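Student: Letter by letter, the chains look like this.
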Amino acid sequence: MVTVIFIAIASLIIASAVLVVISREIVRAALWLIATFFAVGALYLLLEAEFIGVAQVLVYVGAVSILILFAIMLTRQHERHEPAWRAGPWWIALAGVIGLAAVLITTIGAVPWRLTDDDLPVSRAPQLGTALMREYLLPFQLAAIVLLVALIGAVVIAMEERRRRTPTLADDIAAQRGAADRAEDGTP
Amino acid sequence: MLDAYAFIGVFFIAALVFPLVPLIAAWRLRPQRSTPIKRDTYECGLEVTGGTRVQFKVQYYMYALAFVIFDVEVVFLYPWAVAYGQLGLFALVAMSVFIIILVFGLVYEWKKGALEWA
Amino acid sequence: MNRTIVISQILVIEQAPGWLVAALNHAIIAGVLLIGGAITMMLQVWVERRLIARMQDRLGPNRVGPEGILQSIADGIKMFTKEDIIPRAADRWVHLLAPIVALAPIAMMLAVLPWGRGLVAVDLEVGVLYIAAVSSISGVGLMMAGWGSRNTFALLGAMRSIAQLIAYEIPLIIALLGIVLLTGGMSLARMPELQAGIPLFGSSIPGAPDLGLGWFIFTPVGLLGGIIFFICALAEGERTPFDIPEADSEIVAGYMTEYSGMKFAVFYIAQYLLNFALAVLSAVVFLGGWQGPGVAWLADAGLGAAASLLSLLWLLLKAWGLFMLMVVIRAAVPRLRVDQLMSFAWKYLLPLALVNVASAALWVGLTEWSSIEWGNLLPVDGLAPWQRIGVAALVTAVINLGATRWVLRINRAPAAAPVVVPA
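Protein chains in written order, with the numbering used here: chain A, 1273 to 1460; chain B, 1125 to 1242; chain C, 60 to 482.
In case anyone wonders, no lab produced these hints; they're calculated from the structure.
None of these values were measured; they are calculated from a predicted model.
Honestly, I wouldn't trust all of these hints.
[As the list claims (entries may be wrong)] Think about it this way: if two alpha-carbon atoms lie no more than 27 Å apart in a straight line, the pair counts; the simulated BS3-like pairs of lysine-lysine are:
#, chain 1, residue 1, chain 2, residue 2
1, B, K1236, C, K406
2, B, K1162, C, K141
3, C, K406, B, K1235
4, C, K137, B, K1162
Input sequences plus hints: build the corresponding full structure.
Tutor: As structure tokens, this is what we get:
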């Protein structure tokens, strides 16, 4: 039964991943990518890694997908359009795909996988928390720094973008309203 | 554990069927008399001009990015919270460092005005 | 599994394979929960309309059935006969799938909520995070609706609603984190069990009666967390004052602009079901869930079934009370402006929620750790449990009150030089 469910989830992942690549519209491709994320979360659940599975849905389906969609909406390209360029002859792409698949399959086949029916030592949330506080303390704190750098970098780029934008009527109104608000609060 | 998720899996299918039942029933029952005017895009009674090409503020993206970062932080916080009762003072200090690093990011955004809707 | 045997006997399918029996069993429970959700949604609409009418000095729907209680059924029947209009410009498939993607995740929230003493469909070890993860999926459905409609109003509404959803999701999850710290687990089924006893002290005083009132809302951590959670729940459920996404006077109906007939109704169901699920969740996490005076007494007297029934009534009472509070707030409070909405989430609720987590961590340290875990810095071993809770309550109350004052102060506009506003 588990095998049947695995095959169902795996084919969902592969089908939606293929649709990401062949979708002509970028938003549709993003939606298929979200479906892929979701199915991967289900795969984690099947592996009895429930915390990772739920975190996958929370972070990828709930957050990263929104980030991707918002990024697409920032461009002017989110409406239906034909691709403006073609990526060269199809047989080059096919050769590349076959080559990559060959490399991946031989690599995966070469790894001596250790199969076990036992519970993994670190798979449940309390064990994860303990491990983060003991063995993986340094990577854990480094993760905080990576997140901080990402945040600061985004602020720098976005504020630059905002400064370059020509002010609109809405901006003028907002500026005036801000001044008026300050005036109200500032008067004794 | 898989038993619990078997229920979640069945519930997932049931939750998909839940909106489908009224949608399919309505599809069989409702009248279908479509006219070109009915199928126009809604625009408060005016003719539609142009497309939906609105270029959104970069502010939307800023909020989404801050959201992703705090979401990832929360994913780290939850296992810590579950194990916290047995970990002792060291866990409190370690997590304080983690949160302070990220709060610094929030303060930076705040001071730079990246949290303003402008 | 006892339940499985009973159902397989009822259906006389003992020869059927085990997984089929289990699946049928699961499907029956899922069906009961979802049908219950649908009935609740109809009642919610009626209650909201009557209550709003009362607050606006009107009568509201009172003709269909006694006091108009069947109004929602009439509306539902009407919905079945409404034409489905798909704009020519729309992306048909995305337009069709959007309501399903919006409703299904919200329906999945019902799976893990504990409805009463022993009335839990499934107890997940990561229950709290599951709720957060599943409810965040429905945002994708809103985006599909907005983009798939190819309508400027719909797209604007979708962008606005998602910006709002994500802004309020972070404080919501962090408010829940405080309670996860107190209970030491993410299981939702365990949360009501830990809220027995008397207010604040729970079951820590020996000999005190079990009134079923040891709700987390009576602790400083739970109070601040509960307030943050409820405000976020209003925003997540797009209830006034957080209904910018569908501000009908500005952008028609937001992402629902191009929807009609049953697809529109599915969005409507999703919204009310989300409101109800969040009300139940608030009740479970902060208001003791199914705990209440009498439940423990009945259980001790050996009347398990009666105790379960009473506990279910307590939970529904709390959830409906919270839903009615949402309705009253809708009638009483005007809509926030978009910049106010955003800064309220990021500048008020998020810092407060983080401080509340620190308070919760201190609370656990002060009430549960031994002196060794404190690194021999605090001599806590000599105190009785209830004394330690008293100390912890005092400390966290001071921290939370101070933090609230501080957040209000730093958000006050800086006193600028008076600007002459042109008349």
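Student: Starting from B:K1236, check that the Cα of C:K406 is at most 27 Å away, please.
Tutor: holds (13 Å)
Student: For C:K406 and B:K1235, compute the direct alpha-carbon distance and say whether it is at most 27 Å.
Tutor: holds (11 Å)
Student: What's the verdict on C:K137 and B:K1162, does the C-alpha distance respect the 27 Å limit or exceed it?
Tutor: Within the cut-off at roughly 19 Å; holds.
Student: Quick one, are B:K1162 and C:K141 close enough, alpha carbons at most 27 Å?
Tutor: Status holds; Cα separation ~13 Å.
In summary, the structure agrees with every hint in the numbered list given earlier.
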